[in-house]
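**Q** My numbering puts the first residue of the sequence shown at 1, with every later residue one more than the last.
Simulated from the structure, these hints should not be mistaken for lab results.
Take the hints with a grain of salt, since some may be wrong.
[To be verified] Listed next, the in silico EDC-like pairs over lysine to aspartate or glutamate satisfying Cα-Cα at most 20 Å (straight line):
hint	residue 1	residue 2
1	Lys66	Asp86
2	Lys83	Asp137
3	Lys68	Asp88
4	Lys33	Glu23
[To be verified] Using C-beta positions, here's what the derived DEER-type ranges look like:
hint	residue 1	residue 2	range
5	Gly40	His99	32 to 42 Å
6	Lys83	Thr10	34 to 44 Å
7	Gly67	Glu19	42 to 52 Å
8	Val132	Ile36	17 to 27 Å
9	Gln14	His99	15 to 25 Å
10	Leu70	Leu11	20 to 30 Å
11	Glu23	Gly67	40 to 50 Å
These numbers were taken from a predicted model, which means no experiment stands behind them.
Where a beta carbon is used, it is the ideal one built from N, C-alpha and C, also for glycine.
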Amino acid sequence: MHIFNNTPLTLLNQLTPAEFLAEYWQKKPLLIKQAIPNFGGLLDPNELAGLACEEEVQSRIVQYKKGKWLLKNGPFDENDFTKLPDKDWTLLVQSVNHHLTEASDLLAQFNFIPHARLDDLMVSYAPNGGGVGPHFDSYDV
Numbered sequence: 001m002h003i004f005n006n007t008p009l010t011l012l013n014q015l016t017p018a019e020f021l022a023e024y025w026q027k028k029p030l031l032i033k034q035a036i037p038n039f040g041g042l043l044d045p046n047e048l049a050g051l052a053c054e055e056e057v058q059s060r061i062v063q064y065k066k067g068k069w070l071l072k073n074g075p076f077d078e079n080d081f082t083k084l085p086d087k088d089w090t091l092l093v094q095s096v097n098h099h100l101t102e103a104s105d106l107l108a109q110f111n112f113i114p115h116a117r118l119d120d121l122m123v124s125y126a127p128n129g130g131g132v133g134p135h136f137d138s139y140d141v
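Assemble the whole structure, with the sequences as input and the hints as a guide.
**A** This is how it looks when you write it as structure tokens:
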């Protein structure tokens, strides 16, 4: 059983967590514009790259090069980023909520999601043409 405050949330367009879970969660899409008013992001690209250079941070770069998807796991150093082209790559950083208080606070706003389905907060950055290619996720996105 999941216990939560069942009041309407701005995050859910004034739905209660119970209504959201019953009517939408894993059933049908729901677009909520400005779910977090005035949210400007957690990190700029340079800050995210800096986090990806830290030894204890799980990160990866996915690059589309000459018709193939390439994967490189972190930690990275500054040189790895200066060698990247202007487009066609993505930086992904896992568990940002364990390294940044603001990310932990953001994730806490979703505490109505069943805990077995909520693992961590991944942050990504991609210039034009960036992506991760065809893949399978074993978690909710």
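**Q** Evaluate each hint against the coordinates.
**A** Outcome of the hint check:
no. : hint                       : in the structure
1   : Lys66 - Asp86              : holds, 15 Å
2   : Lys83 - Asp137             : violated, 28 Å
3   : Lys68 - Asp88              : holds, 11 Å
4   : Lys33 - Glu23              : holds, 18 Å
5   : Gly40 - His99: 32 to 42 Å  : violated, 19 Å
6   : Lys83 - Thr10: 34 to 44 Å  : holds, 42 Å
7   : Gly67 - Glu19: 42 to 52 Å  : holds, 46 Å
8   : Val132 - Ile36: 17 to 27 Å : holds, 24 Å
9   : Gln14 - His99: 15 to 25 Å  : violated, 32 Å
10  : Leu70 - Leu11: 20 to 30 Å  : violated, 36 Å
11  : Glu23 - Gly67: 40 to 50 Å  : holds, 43 Å
The structure shown violates the earlier hints numbered 2, 5, 9 and 10.
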